[in-house]
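Student: Residue numbers (the working numbering), protein chains in the order written: chain C, 340 to 635; chain G, 16 to 403.
Hints were generated in silico from the structure; no laboratory data involved.
Hints should not be assumed to be uniformly reliable.
Rough simulated footprint, nothing fancy, chain G against chain C, three-plus residues with beta-carbon under 8 Å [unchecked claim]:
id	region
1	463 to 471
2	475 to 481
3	486 to 500
Listed next, with one range per pair, are the computed distances between beta-carbon atoms [claimed, not checked]:
id	chain 1	residue 1	chain 2	residue 2	range
4	C	Lys490	G	Arg256	22 to 30 Å
5	C	Arg358	G	Arg391	55 to 63 Å
6	G	Arg186	C	Glu616	34 to 42 Å
7	G	Trp257	C	Asn423	46 to 54 Å
8	C	Gln471	G	Ile46	38 to 46 Å
9	C	Lys490	G	Arg186	23 to 31 Å
10	C	Lys490	G	Gln388	32 to 40 Å
11	C	Arg358	G	Arg186	17 to 25 Å
12	G	Tyr191	C	Gly400	22 to 30 Å
13	C	Arg352	G	Leu169	31 to 39 Å
Since this is a predicted model, take the numbers as computed values, not measurements.
Just so you know, even glycine gets a beta-carbon here, dropped at the ideal spot from N, CA and C.
Spelled out from the first residue to the last, the chains are:
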Amino acid sequence: MTPELMEQGARLRRRHEAREAGRQGSGDRGASYGRVVRPGEVDTAHGAILYLEDITVSFDGFRALNRLSLSISAGELRCIIGPNGAGKTTMMDVITGKTRPDEGKAWFGSTIDLLRLRESEIAQIGIGRKFQKPTVYEQLTVFENLELALKADRRVRASMFSRLGGEQLDRIGEVLALIHLKDHAQRTAGNLSHGQKQWLEIGMLLMQDPKLLLLDEPVAGMTDEETERTAELFLSLEGSHSLVVVEHDMKFIGELTQGGRNGKRVTVLHEGSVLAEGTLADVQANEKVVEVYLGR
Amino acid sequence: MSAVLPTPTSTPTLSMPAARRPSFLGARGRIGLLAALIAVTVVVPVLNLAVAPGSALHLPEYYVTLIGKIMCYAICALAMDLIWGYTGILSLGHGLFFALGGYGMGMYLMRQIGRDGNYQSDLPDFMVFLDWKELPWHWALSDSFVAQMLLVVLVPGLLAFVFGYFAFRSRIKGVYFSIITQAMTFAAMLLFFRNETGFGGNNGFTDFKRILGIPIATPTTRVALFVITGLTLIGCYLLARWLVNTKYGRVLQAIRDAESRVMFSGYDPLWYKLSIWVISAVMCAIAGALYVPQVGIINPSEMSPAASIEIAIWTAVGGRATLIGPIVGAFFVNGAKSWFTVAFPEFWLYFLGALFIAVTLFLPQGIVGLFRQWRRDDDAQAGKEERA
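One chain only, chain C, in its complex shape:
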C-alpha cells in the first residue's frame, strides 16, 4: 500500500459517491431515428468533439479544477491560457484519463464517456497528448520513436510479429519530413536538441492520427524560427483535426489566432475554472483577465 494508492482509493470512492448522488443524464447521447450509435466511433453530429461539464478535481483539499466546463468544436483550434496553477495541465490529465475527477462529466463527441476509459483506450479512440516536458523514448532512434507511435494493433502478440509495410514506411517518411527530422532518423532521440524533441513528440502524435490533439506548452524551449514553423504546422492541421493548445507564449498565441480560420476563440483559466472566453482581443481587454495577470 503506497500513499498514492491509498489516496487514489479515497478519490475513487469520493467520485463514485458523487456520481451515484447526481445520476441524471444530460444532453442526447442515445440512438434515435436515423442516428445509430457506433461504439468506439466519435459522433460529432452535434458539433462538439470535446465536452467537459462541471469537472472538479481536488488534491488534499486544494481544488485544482473547480466546476470547469468547456466545449471544443470539431475542427477547432482552441488556445488556453492562464497563470501558473490555473489547472491547465490537470484539465489535460482529466481528458486523457490520468486523473479521475471527483465530480463532473467528460464526453468525447456525444457518445463516448471519457471517464469510463483507461489512458490507453482514450489514446486509441483518437485523443493524442503532448506533455509539457518533451517525452520521447530517449534510448530509441527517431525512426523507432515514430514506429511505436504509428497507428496499429497495440496488443502484445501483434507487436511481436509486426512488420512495417511500404505504406507505413511512407507515412513515417512523410511525418519525418513534416517535423524536419528527416536527416536525423537514425539518431538516438536522447541526443536531439530540446526543440527537436518537442517536434519529435508532435510527430509521434501525428503518427497516431488522433482526432483531437492536446498540446501542453508545445513551443517551450524552441527558437523563434522553430516556434513560427510550429505555428504553421498547427494551422495546417486546423479543420481536419481539433487542437487544444495550452501556452504561455503570447506571441505564439497571437500567431495561431491570426492565421488560419477567423474568429478563433481563446479561453482563460483561473483557479480551476473558466475566467473568460472570446477572441484574443476581447480577452486581452477583459478587466478580470488583466487583474489576474497583473495582480491587484
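Got chain C sorted already, so can you dock chain G onto it with the hints?
Tutor: This is chain G only, laid out in the frame that chain C set:
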C-alpha cells in the same frame, strides 16, 4: 533491426542515412559470444571425457559441474536483464522462481531414489523421518518426469502471472516493486523452511541417485546435463535476442524510458510488463531445474533475499540492456567467486562489495559498456587520424 529499416527499393520516398545506432559490441560481438557458447558446450565435454585423466588437457569433473552451474546462473542473469535492463523493472525476487524450478526437479529426483534411501522406504527419507505414511497431495505427479517438468514451468509461471497482474495493475513501480518482490521470496523461504510444507524443511532435497532411471553421478550423465544446459542457454539467448529486436522489445524499452508516453500512445503497459515478467520468471525456473541435478542439492537458502540480489549484481556487472552483458557478468562474478573462495576464502565478501561499488561508480554500463567505450575511443582516434 534490419527488419524495420526500409530498403531503398521499397521506399522511394524515404532515404535513410547510412549511420545506424551503434549496438553493443556490434555484430562481431554477438557472433563471438554465440561462437564462444557453442565452443564451451562442445569443448568442455570433449576435454572431460575424451582426454585421458593423466593428460595436461584433461578437465576435472569439478570444472564441468562449475561451468554447468555458472551457465544456469547466466540464464538467470539473462532473464533478469529482460525485465530489469530492457523493461526497467528491478526484481529482487527472481531467486524464488529459480528455486521453485529447482524444487520441481528435486521432487522428481527424490522419487527416483526409490528404496535406495537410508530407510529403504517408498517415501523420501525426510517424510519417513517425520513419520508420514503417504505422499502429500502436491507430490501426486512426482512420479512422472514429463508432468513434473510441466510443473517446473507452470508453477513459477502462474505465480509470476498472478503476482505480476496485481502488482502491475495497481501500478506499483520502482523501489516499491523491488521491495515486494524481495518480501515475496523471503516469505516463500520461511514457508519452505517449515517441515509441514512437505519440501524437506531446511535440509531441502539431496542424495539424488538417478534421473530417468540413469545413475546421476556418472561422468556421462554429468556431461549430458552440461550439454543440455549449454543448449538451453543458447536457446534462451536467441529467444531474448528475438524478443528485444521485435517491435515488442522496443515497446518494452519505451516503457523503461517513458511509460506515460507509452500509455498515451495507446499501449496498455500492463500486458507488456506482465508478459515479459512471466517469460523472465519461467526462464529462471528452467535454469533452476537444470541446476539441481548438476549440483545435487536444493534447499530454501536459494530463496534467501541475498540470492536474488546476487542475480541483479551479475546483470549489473556485465552490463544492463545488452544481451551479452548478463552472460559475461555471470561468468565473471562466479568465476571470481570460485577462485577467491579457494585462494582467499575470508575476503570474498569484501571483494564482492568492492566490485559492486566499483561497477556502480565507474562502470554504470557494466563490463560490456567498458568495451564499447574503448571501441568508441578507438573510432574517435581513427577519425582524428583520418582527418589529419
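Student: Work down the list of hints and note, for each, if the structure agrees.
Tutor: For each hint, the structure was consulted:
| no. | hint | result |
| --- | --- | --- |
| 1 | 463 to 471 | holds (count 4) |
| 2 | 475 to 481 | holds (count 6) |
| 3 | 486 to 500 | holds (count 9) |
| 4 | C:Lys490 to G:Arg256: 22 to 30 Å | holds (28 Å) |
| 5 | C:Arg358 to G:Arg391: 55 to 63 Å | holds (57 Å) |
| 6 | G:Arg186 to C:Glu616: 34 to 42 Å | holds (36 Å) |
| 7 | G:Trp257 to C:Asn423: 46 to 54 Å | holds (48 Å) |
| 8 | C:Gln471 to G:Ile46: 38 to 46 Å | holds (45 Å) |
| 9 | C:Lys490 to G:Arg186: 23 to 31 Å | holds (25 Å) |
| 10 | C:Lys490 to G:Gln388: 32 to 40 Å | holds (39 Å) |
| 11 | C:Arg358 to G:Arg186: 17 to 25 Å | holds (22 Å) |
| 12 | G:Tyr191 to C:Gly400: 22 to 30 Å | holds (25 Å) |
| 13 | C:Arg352 to G:Leu169: 31 to 39 Å | holds (38 Å) |
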